[in-house]
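Work the whole structure out from these sequences, hints included.
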Amino acid sequence: MSLHILKKEDLTEFLTKLLPDYRIAGPVEENGGFIFQEVSSPADLELEYTTTILPPKKFLLPTREVLFKFDNSNGGEIQPPPPAMPTIIFGMHTCDVHAVQLLDQVFSAGHTDPNYVGRRNQTLIISVECLSPCDAHSFCKSMDTLSADEGYDLHLTDLGDSYAVDIGTPAGQQLLEQYAQTSMATPDNVQRLNNVLGEKWPRFPYRLDFDVSDLPSLLNMTMKSPLWNELGERCLACAACTNVCPTCFCFDVRDEIELNLRHGQRVRVWDSCQLDEFATVAGGHNFRTSRALRQRHRFMRKGKYILDAHDYLGCVGCGRCARACLVDITPVGVFNELHRQLEVEGRL
Amino acid sequence: MIIAASHPTVAEPTLDERQLYLPTFVRILDIKPLTDLEKVFTFELPNGRPLGHRPGQFIEVSVLGVGEAPISISSSPSRSNKSFELCVRRVGDVTSALHSLKPGDKVGIRGPFGRGFPFEKFRGKDLLFTPGGLGLAPLRSLINQVIDERAMFGRVVILYGARNPGELLFKDELKHWDEMEDVELYLTVDRGDDSWTGNTGVITTLFRHISVYPRNTVAATCGPPIMYRFVLMELFGKGISEGNIWLSLERRMKCGVGKCGHCQINNVYACQSGPVFSYKEIKGLEEAL
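Chains as they are written, first to last, in our numbering: chain P, 36 to 383; chain U, 620 to 908.
Some hints could be false.
[Unchecked claim] Some but not every residue of chain P turned toward chain U, in silico, with C-beta under 7 angstroms: (1) E100; (2) L102; (3) F286.
[What the hints assert, rightly or not] The calculated lysine-lysine pairs, modelled on DSBU-like cross-linking and capped at a C-alpha distance of 35 angstroms, are: (4) U:K651 / P:K259; (5) U:K658 / U:K721; (6) P:K176 / P:K259; (7) P:K235 / P:K104; (8) P:K104 / P:K93; (9) P:K104 / U:K721; (10) P:K104 / U:K651; (11) U:K721 / U:K794; (12) U:K740 / U:K658; (13) U:K740 / U:K790; (14) U:K857 / U:K790; (15) P:K259 / U:K899; (16) P:K104 / U:K701; (17) U:K651 / U:K744; (18) U:K701 / U:K740; (19) U:K902 / P:K104; (20) U:K721 / U:K857; (21) U:K902 / P:K259; (22) U:K651 / U:K701.
Just so you know, these hints were derived from the structure itself, not from any lab. Note that this is a predicted model, so its numbers are computed, not measured. No residue lacks a Cβ here, since even glycine has one placed at the ideal position from N, Cα and C.
Here's what the structure looks like:
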């Protein structure tokens with residue numbers, strides 16, 4: 036929409052003013068790494084971070100959430116959870132912005148998921164432009180998520196002594212007007228922004244050996260690839276890959292009951308298609324019996340199935356699964372190997 | 620936290636959206652044991668409203684404190700204005716808890732969900748039903764709706780197989796169907812006993828007793844995963860086309876609304892696109908059968 040300038044020394048004041056009205060979650064340094072966490076002081080936030088172990092998804096789709104509480108003593112009375120808190124997710128990288136756009140689509144398509152959408156409607160996103168790759172596992176440039184045109188309310192780009200602030204939504208504009216001291220960008224500021232953005236692109240490597248638009252058809256042609264069995268041999272079925280993924284959204288629903296056997300709650304928890312019992316039905320039949328089939332399902336979802344259903348690619352190139360995998364199964368490695376196999380077979 | 624009304628946010632979800640995961644409570648009117656493992660439960664909805672289902676659809680059934688499980692609806696919409704029936708096999712936590720309940724107890728339900736049988740497309744056709752074991756539970760809903768509009772259909776042929784005579788479900792209804800002049804019922808059991816005088820063998824052994832006019836025949840089948848491959852071969856052997864064979868696939872839907880991922884068959888969510896599919900729709904899906 037329009038471009039504003041926020042001086043770096045004014046950022047703390049902006050966030051401090053927001054704190055009484057919003058829960059603020061953002062990147063925080065912990066044990067030499069970074070995590071997204073709710074903060075009580077803007078000083079805890081670290082805007083120049085590499086990547087986080089879990090994506091900020093956890094504030095929209097918590098690892099564990101109560102769907103309702105119940106009281107069985109009177110034939111079953113249920114109490115829905117309290118409404119969501121107004122929340123600002125601060126400092127989101129653009130890969131995660133793309134992931135949230137996918138999640139928004141998934142949870143509002145067809146039956147609207149009240150829990151996700153309830154939180155999302157109370158959440159504002161202040162994202163940040165990445166100026167260098169997080170590490171060697173990042174492949175955002177190949178996945179076209181190295182920047183974002185939408186999906187944020189406000190978007191910050193570091194210009195040195197100030198931030199360029201892109202306004203993405205009317206809510207973002209209102210937030211800026213109400214809480215921040217900014218000025219309109221001057222032609223000099225815009226020139227500086229051009230330079231910063233122009234300099235950033237060469238710092239990021241392309242890591243896929245082919246164009247990402249070919250990924251769905253690549254996967255279509257490789258359902259029978261021997262690579263899936265090789266991955267199945269290596270995979271430990273630990274589900275770390277899906278647990279750290281910003282676009283994974285599968286869940287399990289469980290009841291928890293107190294010792295009095297009257298009060299309890301139904302909870303929704305993250306689940307993983309990599310776990311043995313995920314596709315098992317009553318009576319014990321499992322429709323995805325092997326780790327090979329489960330790894331294939333995961334990569335098919337990332338590069339094809341989710342796109343088929345929701346028009347968004349299911350992988351944003353953040354590299355978290357690659358960092359988390361104990362046996363070095365990586366999307367870049369898998370996708371490039373599938374491409375190489377087709378090339379060798381002369382099927383391209 | 621003090622929240623001023625002017626904070627940038629978006630509107631609250633509507634009431635209906637809020638209730639997506641909240642069960643509605645229904646009262647058990649009646650429980651009939653069918654076999655050692657299966658019971659039929661009759662439920663009454665609040666305010667006597669109908670469930671509004673189609674044959675082949677399922678609901679999520681809650682026993683609070685134990686959990687929720689997807690169960691297909693066994694009664695016909697044509698017979699259940701104020702109540703509906705589920706045929707439940709005691710096989711897991713939720714179904715075991717259901718089996719321990721008494722008339723008057725309440726359970727939670729969500730739904731109905733999914734795509735049922737395309738009943739309208741079946742009109743004017745000869746119908747071949749091939750339920751196996753507990754697969755009769757969802758098909759019974761369809762069969763009874765067909766019987767209640769009997770004049771709208773051609774032949775009605777039912778081939779039903781169970782493992783042994785004791786596991787045949789809905790024996791009273793089987794007797795009734797058998798007595799109907801315009802319903803052809805063939806029964807088989809994998810293993811007979813001293814009292815069994817009927818056909819012995821798996822369900823595919825019944826196909827030699829029937830002939831059908833394939834161009835006008837629609838088949839509907841439901842049974843254990845292992846059964847489908849063999850029944851499909853028999854149906855193809857009769858010349859029935861892929862688009863005229865309808866299957867109800869079992870998956871453990873956790874949400875019923877296309878989110879949780881548990882029922883996904885390759886790129887298809889069974890709870891949204893199914894659980895009823897034509898063979899034509901699933902033949903390219905490796906994980907379907």
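Status of the hints after comparison with the structure:
The interface hint given for P:E100 is broken, as the beta carbon of that residue sits about 10 angstroms from the closest beta carbon of chain U, more than 7 angstroms. Among the interface hints, the one on P:L102 holds; its C-beta lies about 5 angstroms from the nearest C-beta in chain U, closer than the 7 angstroms criterion. Interface hint status for P:F286: upheld, as the beta-carbon distance to the closest one in chain U is roughly 5 angstroms, under 7 angstroms. Annotation: proposed proximity of U:K651 to P:K259 is violated, straight-line Cα distance about 48 angstroms (limit 35 angstroms).
Simply put, U:K658 and U:K721 have alpha-carbon atoms about 12 angstroms apart, close enough for the 35 angstroms limit, and the pair holds. For the hint pairing P:K176 with P:K259, the CA-to-CA distance comes to about 28 angstroms; that is within 35 angstroms, so the pair holds. A hinted pair counts as satisfied when its Cα atoms are at most 35 angstroms apart, and P:K235 with P:K104 does not qualify at roughly 49 angstroms. A distance of roughly 21 angstroms separates the Cα atoms of P:K104 and P:K93; the hinted pair therefore holds under the 35 angstroms criterion.
Straight-line distance between C-alpha atoms of P:K104 and U:K721 comes to about 24 angstroms, which keeps the hinted pair within the 35 angstroms bound. With a C-alpha separation of about 31 angstroms, the suggested pair P:K104 and U:K651 falls inside the 35 angstroms cut-off, and the hint holds. With a C-alpha separation of about 27 angstroms, the suggested pair U:K721 and U:K794 falls inside the 35 angstroms cut-off, and the hint holds. A hinted pair counts as satisfied when its Cα atoms are at most 35 angstroms apart, and U:K740 with U:K658 qualifies at roughly 31 angstroms.
For the hint pairing U:K740 with U:K790, the CA-to-CA distance comes to about 29 angstroms; that is within 35 angstroms, so the pair holds. Annotation: proposed proximity of U:K857 to U:K790 holds, straight-line Cα distance about 28 angstroms (limit 35 angstroms). A C-alpha spacing of about 21 angstroms is found between P:K259 and U:K899, which places the hinted pair at or below 35 angstroms, so the restraint holds. With a C-alpha separation of about 28 angstroms, the suggested pairing of P:K104 with U:K701 holds against the 35 angstroms cut-off.
This hinted pair checks out: U:K651 and U:K744 have alpha carbons roughly 33 angstroms apart, not beyond 35 angstroms. Taking the CA atoms of U:K701 and U:K740, the gap is about 26 angstroms. The hint holds against a cut of 35 angstroms. Straight-line distance between C-alpha atoms of U:K902 and P:K104 comes to about 42 angstroms, which puts the hinted pair past the 35 angstroms bound. A C-alpha spacing of about 46 angstroms is found between U:K721 and U:K857, which places the hinted pair above 35 angstroms, so the restraint is violated.
Under the criterion of a C-alpha separation no larger than 35 angstroms, the hint pairing U:K902 with P:K259 is consistent with the structure, at around 16 angstroms. Distance check on the hinted pair: U:K651 and U:K701 sit about 18 angstroms apart at the alpha-carbon level, within 35 angstroms; holds.
Consistency note: the structure conflicts with the earlier hints numbered 1, 4, 7, 19 and 20.
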